[in-house]
Amino acid sequence: MASTSLLLQVVFFVALAAEAMTAALAAGRRKMDWFGVCLLACVTALGGGSTRDLLLGHYPLAWVENPYLLLLVCAAALFTITFARVMHRLRWPFLLLDGLGLVVFTIIGCDVAIAMGQSPLIVIVAGMLTGIVGGILRDVLCNDVPLVFSGELYATVSIVTGAVYYFGLQLGLAHELVIVAAIATGFPLRVAAILFKWEMPKFVYDKELR
Amino acid sequence: MASTSLLLQVVFFVALAAEAMTAALAAGRRKMDWFGVCLLACVTALGGGSTRDLLLGHYPLAWVENPYLLLLVCAAALFTITFARVMHRLRWPFLLLDGLGLVVFTIIGCDVAIAMGQSPLIVIVAGMLTGIVGGILRDVLCNDVPLVFSGELYATVSIVTGAVYYFGLQLGLAHELVIVAAIATGFPLRVAAILFKWEMPKFVYDKELR
Amino acid sequence: MASTSLLLQVVFFVALAAEAMTAALAAGRRKMDWFGVCLLACVTALGGGSTRDLLLGHYPLAWVENPYLLLLVCAAALFTITFARVMHRLRWPFLLLDGLGLVVFTIIGCDVAIAMGQSPLIVIVAGMLTGIVGGILRDVLCNDVPLVFSGELYATVSIVTGAVYYFGLQLGLAHELVIVAAIATGFPLRVAAILFKWEMPKFVYDKELR
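Chains as they are written, first to last, in our numbering: chain Z, 1174 to 1383; chain H, 1174 to 1383; chain S, 1174 to 1383.
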């Protein structure tokens, strides 16, 4: 994370907390106990980056090197339990923070792959994994078919963000400028996707092979 | 993959595409969007080898080193969407390609473990993981109990194939000959298992512990 | 495992077998075949330690280095099939062995992280992952929401055990003494949790965000 700016760091922490809070609400819908809430929050907030690191062989994982990330995530999850009564009025703040998190996670994931000298396609895949896998793991542990497979544009936002970021850097633009450009592309795209219900075309297939 | 013959390479690509196509049909039954179709196809086609590599610490993963594999799998998945209308007539071609893929994935997985100097049991386990884990991940993401736990002989075919391959090589036979022998054992065994509904005995237990 | 005492080794084997047996019964409730029973047993008994090793980058994994562990686990699973008729009378022996296994897995997991020079929090997390992840993977493969998220104290027992173990060692006490102290804390705690139905508070949330 040394190559990311301070701003990105701050937004990263905010996004981690937001992911933890949405995971805590999902845990509450499954009537999990406080431990389950914290574990689901950790898997959701840190699972994307961890999966990317496992697949790329990038050790140590962020939370192993900086264990305070676990405490931050658990604190956000427990905070959510305390204030759950008012949380349901916060749909839009959550959606905005989640969208910002998606974009920032993507950029950080791209940075890891770039620092390892990966090829362009893998850089973009690494960004996308960082952005979306946490939510997939959350849905699998809650026994749902992952939402990212069928909802409004989400993974696509991550791919577009990663592409802007990677090719911006390739063009030799200043790092801060490229970060801002990537956020300024991905974040409004996600917000627009929610507002206007932009979705990828569905593939509906109901025949059995015979 | 340097030690595998050209034939094995070609069959490997065909098998990857076949796995991607069956995954795409499974995604269609869940009404996933095009992105979900591609992601499920990648997990199914490449997840077995990736799991093997993670467990053995064998880096870089095949698709990280050769990202065009991701494009191949996504192309096969998108092709499936386009031609889904006629796919349901292709049950037997799919079953045959899937069976061939199982055998070839197994051989490639054994090769990786052999090149790492693993013990015989781990070589066979590595082959089996390569052959079956993609399908398990597909079923978990589709929120099903994995089919491989209860259907016609599948993992068993992989184990038999791996054993023939490993001990054939141990006997000092020519590599090409051992590949052919392993395929000639495993593939007909799988086809026969489908035709004659050969299954492992089931373990049915319906008591609660008390 | 060099730093663990012989006693710990023996209890570890017993605990592996007990985990395998409970997994086999879970597989039987899903009508899995013999192969599925063995695979689910391996994932349950060895999945916690394997996940810990993947996340910490600790290679080779225990069962890759000592493949006889796979045979031990499969033997215990197949034994369970044979004697399933009488197993349902063994609820308490199973619960006791499972509780002992939780504690011993935790200690072994802590040892691995300590030997890698990890920080205190990561040592305790490593112990907890070793203790609980096998059961989580079992429940995911059986298509259940993991039991550990809502049942009697389980992960908490693991965390307490790990804390006693880690800080006991930090105090400079003899290794054998600390092992005994950790077991003597964690095991009765788990038994009491089952007897008296001690649970973490639940977080119940049934509103949608709006």
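Warning: the hint list may mix true and false statements.
Which copy is meant is left open, because identical chains are indistinguishable; a pair holds if it fits in one copy or across any two.
[What the hints assert, rightly or not] Think about it this way: if two alpha-carbon atoms lie no more than 16 Å apart in a straight line, the pair counts; the simulated EDC-like pairs of lysine to aspartate or glutamate are:
hint : residue 1 : residue 2
1    : K1204     : D1317
2    : K1375     : D1312
3    : K1204     : D1271
4    : K1204     : E1325
5    : K1370     : E1238
6    : K1204     : D1379
7    : K1370     : E1325
8    : K1204     : E1372
9    : K1375     : E1325
10   : K1204     : E1349
Hints listed in this document are in silico derivations from the structure and should not be mistaken for laboratory results.
Against the structure, the hints:
Taking the shortest alpha-carbon separations for K1204 and D1317, both the intra-copy value of 15 Å and the inter-copy value of 14 Å come in at or below 16 Å. Taking CA atoms no more than 16 Å apart as the test, K1375 paired with D1312 passes in neither setting, with 19 Å inside one copy and 19 Å between copies. For the homomeric pair K1204 and D1271, neither the shortest alpha-carbon distance inside one copy (23 Å) nor that between copies (24 Å) is at most 16 Å. Within a single copy, K1204 and E1325 get their C-alpha atoms only as close as 27 Å, which misses the 16 Å cut-off; across copies the closest is 14 Å, which meets it.
For the homomeric pair K1370 and E1238, neither the shortest alpha-carbon distance inside one copy (39 Å) nor that between copies (37 Å) is at most 16 Å. Taking the shortest alpha-carbon separations for K1204 and D1379, only the inter-copy value of 9 Å comes in at or below 16 Å, while the best intra-copy value is 33 Å. Proximity of K1370 to E1325 under the C-alpha cut-off of 16 Å is restricted to the intra-copy arrangement: shortest distance 6 Å within a copy versus 42 Å between copies. In this assembly of identical chains, K1204 and E1372 lie within 16 Å of each other by CA distance solely across copies; the values are 12 Å between and 31 Å within a copy.
In the homo-oligomer, the alpha carbons of K1375 and E1325 lie at most 16 Å apart inside one protomer (11 Å), although the nearest pairing across protomers, at 31 Å, exceeds that limit. For the homomeric pair K1204 and E1349, neither the shortest alpha-carbon distance inside one copy (43 Å) nor that between copies (40 Å) is at most 16 Å.
The structure fails hints 2, 3, 5, 10 (numbered hints given earlier, in ascending order).
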